[in-house]
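Going line by line, the protein sequences match chains R and Y.
Note that this note's numbering has the first sequence beginning at 1, numbered continuously upward.
Note that this note's numbering has the second sequence beginning at 1, numbered continuously upward.
Everything labelled a hint here was simulated from the structure, so no lab data went into it.
Nothing here was measured: the structure is a model prediction, and the numbers come from that model.
Accuracy of the hints is not assured; some may be wrong.
Because identical chains cannot be distinguished in the list, a pair is counted as satisfied if it fits within a single copy or across any two copies.
[Stated by the list, open to error] Cut-off 25 Å, straight-line C-alpha distance, at most; resulting in silico cross-link-like pairs (PhoX-like, lysine-lysine):
#1 Lys47 x Lys147
#2 Lys147 x Lys46
#3 Lys235 x Lys14
#4 Lys147 x Lys210
There are 2 protein chains.
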Amino acid sequence: MSACITLAHGAGGKKTAELIDTVFKAHLANPLFTGDDAAVLPTPGKKLAFSTDGFIVSPSDFPGGNIGKLSICGTVNDLACMGAEPLYLSCAVVIEEGLPLCDLDRYVKTMAETAAEVGVQVVAGDTKVAGKGQVDRIFITTTGIGKLTDGVETSGAKAVPGDAVIVTGDIGRHGCTILLARNTFGIDAAVTSDCAPLWGAVESMLSVTKDVHVIRDATRGGVGTVLYEIAAQSKVGICLQSAQIPVAPAVRGACGMLGLEPLYLACEGRMVVIAPAAQAPALVAALRRTPYAREAAVIGRVTAEQAGHVVMETEIGAKTMLPPPRGELLPRIC
Amino acid sequence: MSACITLAHGAGGKKTAELIDTVFKAHLANPLFTGDDAAVLPTPGKKLAFSTDGFIVSPSDFPGGNIGKLSICGTVNDLACMGAEPLYLSCAVVIEEGLPLCDLDRYVKTMAETAAEVGVQVVAGDTKVAGKGQVDRIFITTTGIGKLTDGVETSGAKAVPGDAVIVTGDIGRHGCTILLARNTFGIDAAVTSDCAPLWGAVESMLSVTKDVHVIRDATRGGVGTVLYEIAAQSKVGICLQSAQIPVAPAVRGACGMLGLEPLYLACEGRMVVIAPAAQAPALVAALRRTPYAREAAVIGRVTAEQAGHVVMETEIGAKTMLPPPRGELLPRIC
């Protein structure tokens, strides 16, 4: 596959059909995969979860994943955050003229592998080609339909004082990986993205209890931004035990050199879970039984005080307020 | 609204939330519109239609529409082609840093107006911002869920000899409009895009009979490409009466000057319908009762001869083969 994408691959004719057959169908084929205008799907349940996400990460290959893996994990995780089992995905790609076909093939292969791991089917798609310089390599938008788990109702507005705050693993790895992959800082650290599909982790939690108040994936803006959003939506305070927050040593080191707070770096395989404190030990144990949440930990609690804010508490009890997110994230992290 | 999109609008923090509130929610708000990771939807029926489409048209404003209108019509029409009533849409946008906010606002406003006309709800979304020069103004991906009409089973493989071939209106207007809007030919013709939502036209047809074999919207590649696809999938020939094909005089004129065949220019509000000849008069009458299909016409018939090919017949009976599509469409037409 030394060929490159041409505008004809996006013209809707024979070359488009060939591209779909040799790349998309070759990797993603399943009984529901459609060649018509829309896929026809059996109804998954009484209520559907429906979510969409666009992926524009640069670079499109990075340690621990690529844009294809990211595009499946992102939408799978958004559905999982609602307590919904991901069933069907659609995938729309915009490809830059000149992209090597082998790169596209690698991304779609990774999409297929990730989808197979989760048990979600990619059933509909669209392929467009933009002229050279009109899109940066490739953008992928995935949209998912999930089956809501009966009895689960999670929302950013449901945290209540006394709840435990859990993260499902060490934080900040995706954001740190992308920053270092851009190679502008000359820092060489062994950091890989945490990019992973988390439905298995959520399913394991829900087998223990359905009494989970909030599940959010900590993508753009990281855990800190998600916690500030929850604090605002639920009108509560959040108090974190800083020593309990899992951060990989390489991430901590790189953040130290760059003056970054890991709480504000994007994750692509980590969730924040808020649940009654009494359920926390069993939830953490359930999470740790799954492959992408072995370092799940309680990192804090929901408080009535300091409503709307996130407070950090040190081991000796000193409290400082986590600065609110400022929206100055470096671009194209996901 | 003289402000412009900044990278902070895509960082997932406060500015992103503001943009969603002041532009997307302001225009698209409905009871199911989600601020969480996924929308929760009542199940529409026993089977779902599910379709996605990415829109990258350049220029993003054109006579008769803009990329916002196109993004709603495209997915609505793909669902309609399956005989499915469009119910829910998601919308993922990638915006170029520096895009004037008033442009974004205009596109989203048009999306809302078009969705309201169809009765489809935009319930989930995603907003990303790419750096200047990394995307051309704005790309929009919409994904739709529709309710399949009981008893309707359309497919490109279901045309049979003897069927009538219908188009729902004059052809080639969108492609012609985009070509002229680029202003590279110095041709000044009063051509507007046919961009329109067609569920109403399909619903009207299906109220007459559910015995419709093929419904396809003639987007990229135009009516000619769609007919060649159907001829291949159904292993039949298609014979067109050239005098019956509706083409607006301005489109015919521009095509004459540029040496283009209207059958190969994209439409964004026209469908090809293939149905038993006995049903054709009632189907055409039903189409003509709806606002975007007043010029619906039978333009040919399905034949056992010339399988895999499209033949043009003149008024005096001379037959020539329509050249097969060559995939050299001009880029970024939809």
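Broken hints, by number | Violated hints: none; all satisfied.
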